[in-house]
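Line order of the protein sequences matches chains F and L.
Heads up: the first sequence begins at 14 in the numbering used here, then just goes up one per residue.
Heads up: the second sequence begins at 16 in the numbering used here, then just goes up one per residue.
These aren't lab readings, by the way, just hints derived from the structure by calculation.
Accuracy of the hints is not assured; some may be wrong.
[As the list claims (entries may be wrong)] Below, computed lysine-lysine pairings styled on DSS-like, alpha-carbon distance capped at 27 Å: (1) Lys-220(F) to Lys-165(F); (2) Lys-165(F) to Lys-388(L); (3) Lys-197(F) to Lys-283(L); (4) Lys-247(F) to Lys-129(L); (5) Lys-283(L) to Lys-336(L).
Every value quoted in this text rests on a predicted model; they were computed, and no experiment measured them.
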Amino acid sequence: MLNLYKTVIVEDEAPARRLLNELLSEHRQMIHVAGEADNGAAAIDMINRTRPDVIFLDIQLPDMTGLDVLKQLEYKPFVIFTTAYDEYALKAFDSLSVDYLLKPLKEDRIVRALSKLQHFANGSGINPVWNNFESLFNGLKPQNKATTLSVKKGTKFTLVQLADIVYFEAYDKYTFVHTTNGQKLFCDHMLAVLEEKLSTDFIRVQKSYIVNKQKIVEIHKYSNNRYTLVLNNKDFTRVVTGPSYLDAVKEAFGV
Amino acid sequence: MHIHIPLQTAVVLSNVFVFSSLGIFLYYRYEILFSWLNISTFNQRRLAICLVFLCFYMAIMSFYPCYNGFKTLSEFFVCLGYHFLRSAFFVFLPVLAIMYIERWLETRNMTFLKRRLIVVLFILIFLISTNIWMAMLIDPTHRVATITYTFLMSLLFSGIVSAMYLNVSYANLAEKRLRFERELELSRLNELKTKAELDALQAKVNPHFLYNTLNSIAELSLHQGGKARQMTIALAELFRYSLNKKNEMVMAIEDEVEMVENYLMIEKIRFEDKLEISISIDEAAKRIKVPKFILQPLVENAVKHGLKEPDKKGIIRIQIKGDANKIDIMIHDNGSPFPEDIQIGYGLKSVMDKLALFYPGRHTIYFENEPTKQVTISITDPQKNA
């Protein structure tokens, strides 16, 4: 009793699409390719429209990742991932999908994936992907830690590595970025916005200052609820912490 | 033979000796001396400087001749007491004021020199005015020195004090700066250097790219043998470049470009003519050496962005202009504009690290969306250490 499964191939490279098509044509009695998409947006549209039983989904698409595609789907089919190389997520894909295929694609892996599909489709009927998708999805998203900050210079902008930034100084609605080599750059964001964006290496110590913790060379007591921070740039800039940031400062520096 | 030293001279000299030693001792030892006091370092310093100055004033007591009319030791101590009281009043106030001013100035971010000059100005004003006040308090019959003389003397004193202040604060700063600069620069450079060397050792080719390419070759080999062959050769060239035995850190720009051409040829086949590429290099720039693998990550980004929008041909333009004095590398793609807060991946980060290592302070990297979307790397004097 063989079912015929309708499928959609989501893959950005034409040769890879052709190869998968060709390999799947060996299993014509079981799988029918109803459509192909070469980017995420088109894939979402096509899957919602054609309602396939299973999709072959590339993790790396030009406009989004395969996971983003899954998140935006209204209709939820079985998923077989295809991926070139993704060391960190391979295990998680395993629990998220029917199966995953590594490129270059191999015939026997496809056979295995299809038999697994059959097993899932005939089995309890619970689609493995959609059980605890949200939590898995968040766990899978690569944690992109910001390492640079973009800074405007006229119509252009340049990148400053966060490790080169000594402190931020509020200036009206904008901010000056002071770097290790003494440059003073203009940044379009307010301190509050930057505070959100920056990593834990940075700490707001005063209404108009955010400093890089790695660039502090000395801490002096200024008064009961204030400290003077000496920063490691050419001028050894001193920043006096604000009384309302006392707790944060104390915690950060253990003073 | 009798050596007759008048009591007055002996007492005055020992007075100078005792108080100046005490002052110097306090200056060097105040941190330890006051450690039990449980007050902030700023207050410790404040107290110490007041005491040092007080000692200074006590030591120069003989310059205020009204106190020198003593005949016996007990008279001397009475004079000393008077002088002490008066000095205390005239020392503590200006010193406290100057230190407050100094602290206030330090929280403003002024240049070193400006800050010090303001402090010196206040030292001059306070010292001269207090000395003149003290002189005027002495009744005219006892007054040996005129006000003009006192003024000149205090100008000299305050000059000495200012010079000491500048010297000490500059020495502190210079020492600190030297120490931290050396340590931090060294460790930073070492870190960067090792990293760059490690990077050079590793195959830089993105594993995604490698396996996707092999997947494409697997397909092409079924029906389009010519293309599969082309792609295999280009891939081999790419790896030869990244895995070369000599492990050179720098390469001529034309080699870098050749490597990028190989890379782009593969991408072109993979995306079946969805890519349009143009490359132009100034003849003078071709032989100039740049760090290896500086071009490819940028081009890879451009390809990724150029192909982001479906149903649109990706256009990549690589332009290298300049000569031995200055090089501009411009890479354009027709994808969506750079976002405001662009976040960089491993490839671009390694390019930035390499530029920072090879051309400290002599390079810029700019992203622009207007008039055309492109990223520009400018290097001045590229041959200095290549």
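A quick look at each hint next to the structure:
| no. | hint | in the structure |
| --- | --- | --- |
| 1 | Lys-220(F) to Lys-165(F) | holds, 23 Å |
| 2 | Lys-165(F) to Lys-388(L) | holds, 15 Å |
| 3 | Lys-197(F) to Lys-283(L) | violated, 42 Å |
| 4 | Lys-247(F) to Lys-129(L) | holds, 15 Å |
| 5 | Lys-283(L) to Lys-336(L) | holds, 25 Å |
In summary, the one numbered hint that this structure violates is 3.
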